[in-house]
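Engineer: From just these sequences and the hints, can you work out the full model?
Quick note on numbering: full-length UniProt numbering labels position 38 of the sequence shown as 38, and the sequence is numbered without any gaps.
Hints in this document: simulated from the structure, not taken from any laboratory.
Owing to the predicted nature of the structure, the values given are computational and were not obtained by experimental measurement.
A couple of the hints might just be wrong.
Unchecked claim - The calculated SDA-like cross-link candidates involving lysine to any residue, where the alpha carbons are at most 25 Å apart (straight line), are:
#1 Lys151 / Glu134
#2 Lys191 / Gly168
#3 Lys143 / Val181
#4 Lys151 / Ile222
#5 Lys143 / Lys68
Unchecked claim - Label pairs and their computed distance ranges (CB to CB):
#6 Met265 / Lys229: 50 to 58 Å
#7 Gln236 / Val164: 27 to 35 Å
#8 Ala69 / Leu115: 41 to 49 Å
#9 Gly297 / Met272: 30 to 38 Å
#10 Arg254 / Ala286: 45 to 53 Å
#11 Ala251 / Gln282: 45 to 53 Å
#12 Met265 / Lys244: 58 to 66 Å
#13 Lys250 / Leu285: 52 to 60 Å
#14 Gln282 / Leu317: 25 to 33 Å
#15 Arg245 / Arg314: 25 to 33 Å
#16 Glu308 / Gln263: 23 to 31 Å
Yeah, the Cβ is synthetic: ideal placement off N, Cα and C, and Gly gets one too.
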Amino acid sequence: MDSSLIPILLIGVVAIIVLSVFFSFFPLMLWISAVASGVRVGIITLVAMRLRRVTPSRIVNPLIKATKAGLGLNINQLESHYLAGGNVDRVVNALIAAQRANIPLEFERAAAIDLAGRDVLQAVQMSVNPRVIETPTVAAVAKDGIEVKVKARVTVRANIDRLVGGAGEETIIARVGEGIVTTVGSSASHKDVLENPDLISRTVLSKGLDAGTAFEILSIDIADVDVGKNIGAYLQTEQAEADKRIAQAKAEERRAMAVAQEQEMKAKVVEMRARVVESESQVPLAMAEALKSGKLGVMDYMNLKNIEADTQMRGSLGKISENTDGPDTPKNNK
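Structural biologist: Okay, here's the thing in structure tokens:
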């Protein structure tokens with residue numbers, strides 16, 4: 001390579017580096033686009049955005065859309081919202097959509113909704129095109145004890161004035177489910193609910209369930225009504241089973257008391273027999289004392305023994321007769 005070309009190449013590389021740094025801090029093409037679109041923004045303002053770590057295209061492009069739509073926004077509003085962590089492009093799109101739909105929406109309110117974490121563009125679209133929320137199957141029991149399963153569709157639209165601080169879809173679903181349970185539970189029979197499903201819609205809709213929420217309920221339509229279990233009969237069966245177990249427990253308690261009383265009476269019988277044996281053991285001692293003291297003669301003692309022997313003999317003969325001629329043995333006629 002010729003030595004005379006080296007300085008030229010170095011100058012070219014330095015020039016490219018200088019131009020890259022220049023265009024990175026001075027977004028000339030973006031400034032030209034803004035001026036061509038009628039947006040008044042200075043090149044120094046764009047450089048200041050770079051110094052404040054703000055991407056100029058994130059501010060200038062939405063400002064161009066807002067100016068073309070006639071919103072009358074300024075660059076300071078958009079930059080402050082960007083620095084607060086908001087989505088500038090989405091807010092501008094929401095303002096344009098609201099203007100086309102004749103929905104009153106100011107930049108401050110749209111920025112507040114965006115900073116609150118809600119999709120302000122989706123909210124504006126929902127205000128124009130209402131959304132249908134389908135509730136899960138809600139089971140309720142009528143007064144006759146029959147379970148009724150209801151599924152409803154709730155048509156809502158966004159209430160922009162209550163988007164900040166208003167409750168979400170979960171609250172709407174919970175309130176509608178509560179209204180369905182209350183309406184079915186106050187019905188005298190499940191047949192009334194099956195004959196007039198719109199009774200649920202009218203009753204629930206009249207309760208003002210959208211109070212304090214970010215939505216406005218337009219209609220509540222019953223999508224499906226089914227008959228479930230006979231909860232009343234099931235509860236009565238469970239109650240009867242519980243009463244049965246209680247009665248069995250009380251009967252078992254009485255049986256245990258009777259068994260305990262029987263054992264107590266057997267113990268008393270054994271105790272009385274022991275007393276009899278104890279008393280009989282005193283008889284020989286008393287007779288010996290009577291013989292010793294002369295109150296009982298020898299002949300009297302012998303007569304007593306004869307009587308005892310005779311009694312024992314009669315008892316033995318009676319047992320032999322019972323064993324020989326039982327109650328089922330026929331007697332011979334003489």
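Engineer: All hints, please: hold or fail.
Structural biologist: Verification of the hints:
{"no.": "1", "hint": "Lys151 / Glu134", "in the structure": "8 Å, holds"}
{"no.": "2", "hint": "Lys191 / Gly168", "in the structure": "34 Å, violated"}
{"no.": "3", "hint": "Lys143 / Val181", "in the structure": "12 Å, holds"}
{"no.": "4", "hint": "Lys151 / Ile222", "in the structure": "6 Å, holds"}
{"no.": "5", "hint": "Lys143 / Lys68", "in the structure": "63 Å, violated"}
{"no.": "6", "hint": "Met265 / Lys229: 50 to 58 Å", "in the structure": "53 Å, holds"}
{"no.": "7", "hint": "Gln236 / Val164: 27 to 35 Å", "in the structure": "51 Å, violated"}
{"no.": "8", "hint": "Ala69 / Leu115: 41 to 49 Å", "in the structure": "22 Å, violated"}
{"no.": "9", "hint": "Gly297 / Met272: 30 to 38 Å", "in the structure": "34 Å, holds"}
{"no.": "10", "hint": "Arg254 / Ala286: 45 to 53 Å", "in the structure": "47 Å, holds"}
{"no.": "11", "hint": "Ala251 / Gln282: 45 to 53 Å", "in the structure": "47 Å, holds"}
{"no.": "12", "hint": "Met265 / Lys244: 58 to 66 Å", "in the structure": "31 Å, violated"}
{"no.": "13", "hint": "Lys250 / Leu285: 52 to 60 Å", "in the structure": "53 Å, holds"}
{"no.": "14", "hint": "Gln282 / Leu317: 25 to 33 Å", "in the structure": "30 Å, holds"}
{"no.": "15", "hint": "Arg245 / Arg314: 25 to 33 Å", "in the structure": "59 Å, violated"}
{"no.": "16", "hint": "Glu308 / Gln263: 23 to 31 Å", "in the structure": "36 Å, violated"}
Going through the hint list in order, the structure does not satisfy hints 2, 5, 7, 8, 12, 15 and 16.
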